[in-house]
Amino acid sequence: MRFHEETFEVESKKRLEVVDITERVRGVVGRSGVTRGLVNLWVPHTTACLSVNEHDEELWEDLLAVMVRLVPLEGEYRHNAKYRWAPREMNAHAHILSTLIKQGVSLPIAEGRMRLGTWQSILLIELDGPRVRRVDVTVMGE
Amino acid sequence: MRFHEETFEVESKKRLEVVDITERVRGVVGRSGVTRGLVNLWVPHTTACLSVNEHDEELWEDLLAVMVRLVPLEGEYRHNAKYRWAPREMNAHAHILSTLIKQGVSLPIAEGRMRLGTWQSILLIELDGPRVRRVDVTVMGE
Amino acid sequence: MRFHEETFEVESKKRLEVVDITERVRGVVGRSGVTRGLVNLWVPHTTACLSVNEHDEELWEDLLAVMVRLVPLEGEYRHNAKYRWAPREMNAHAHILSTLIKQGVSLPIAEGRMRLGTWQSILLIELDGPRVRRVDVTVMGE
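Sequence lines, in order, name chains A, B and C. Residue numbers are given in this note's numbering: position 116 of the first sequence equals residue 115, and the series is strictly consecutive. Residue numbers are given in this note's numbering: position 91 of the second sequence equals residue 90, and the series is strictly consecutive. Residue numbers are given in this note's numbering: position 59 of the third sequence equals residue 58, and the series is strictly consecutive.
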């Protein structure tokens, strides 16, 4: 049984942004030496999330547009009302979307590689940037 | 390789409610003796879910308000129409929100502790209470 | 420590469809010989997902109706505009819903069985069919 953990940082540049982290995760899985098992990804945040989807910048714009249509940035939120003195904390939309998009994902590894499909990339979704975000990668297997 | 399983119950008091279960999960992880690995949480229900988010009661009200705006309690649901004789089963909203919020989460453990971020608490989201809910905790690692 | 991997295919018949795959997953878990641990399910797609919910065809219709109300098939999507020459690629709705519904789930196994609740079935949700879909099942435990 092998365990391998690494953490890396992602610096977002915009309030809402999608960042492809597939290659960085692939690097961790490669260094782990695990040929079969699972890789768990976790962002220790409540206003950024993870998704697995196509690497297509137009699609990412569509995705963010739908997200803020469903959960508007400028809604009537009690969380925001409480923090009116701190504009940086007016981020209820990001917390709520985190509950929908989720902060973690576990992917299978076989023959030393993540079993990502042809169109699957691993995406960090920033919902309240710009910020420095952390991704914890835990590889477990043999 | 160690395995440790525990189940605990949570009693919700309202139809829609958020209950912080972080300390109870932390207790299970502590008793497991696992210093690195994963903890998997699972609620064996279809009308209650899990989320990781901030411990902020105003935010929880915002979250529940958005959820029932997106998927209203009193919608035109075929599932509810079928169960009109059983008001307790008029819960299509809760089933549908379960598919969005999800019933499980897997968190990394390092140095004997869950790698939760500063603002991350583990929340059970009741969508069709009051009921007694079960949380299955499985810790796997070394 | 045991690992067991199997892949099976699911053929969807409609554009939007829910297919119950519980029995097929149960078969894999049985063949794995794992009595306690985790089973990870993964669909290597970006327009089909997994959910755990009740086996109720009326509910499935409700679920799909809500999903396309929230993220319409015929929206103004940049992803679709780019692919106007390829009607088969007009599937932004399916990509976006994938980010909400997710392509993976990890379930606990105890006493050789998945710890599914009474009303929990494992569902593949097709969002852009008809297509042949793949489900990768990884069982890890002892």
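Keep in mind that the hints were calculated from the coordinates and are not lab data. Check each hint, because a few of them may be wrong.
One copy or two, either will do: identical chains are not told apart, so a pair holds if it fits within one copy or between any two.
[As the list claims (entries may be wrong)] Result set (DMTMM-like, lysine to aspartate or glutamate): computed pairs, CA atoms no more than 25 Å apart in a straight line: (1) LYS12 - ASP135; (2) LYS13 - GLU73; (3) LYS81 - GLU60; (4) LYS13 - GLU75; (5) LYS12 - GLU141; (6) LYS12 - GLU22; (7) LYS13 - GLU110; (8) LYS81 - GLU57; (9) LYS81 - GLU5; (10) LYS13 - GLU56; (11) LYS12 - GLU60; (12) LYS81 - GLU10; (13) LYS81 - GLU141; (14) LYS81 - GLU8; (15) LYS12 - GLU88; (16) LYS81 - GLU110; (17) LYS12 - GLU56; (18) LYS81 - GLU56; (19) LYS81 - ASP19; (20) LYS81 - ASP55; (21) LYS81 - GLU4; (22) LYS12 - GLU110.
Hints that the structure is at odds with (numbers, increasing): 5, 7, 9, 12, 13, 14, 16, 21, 22
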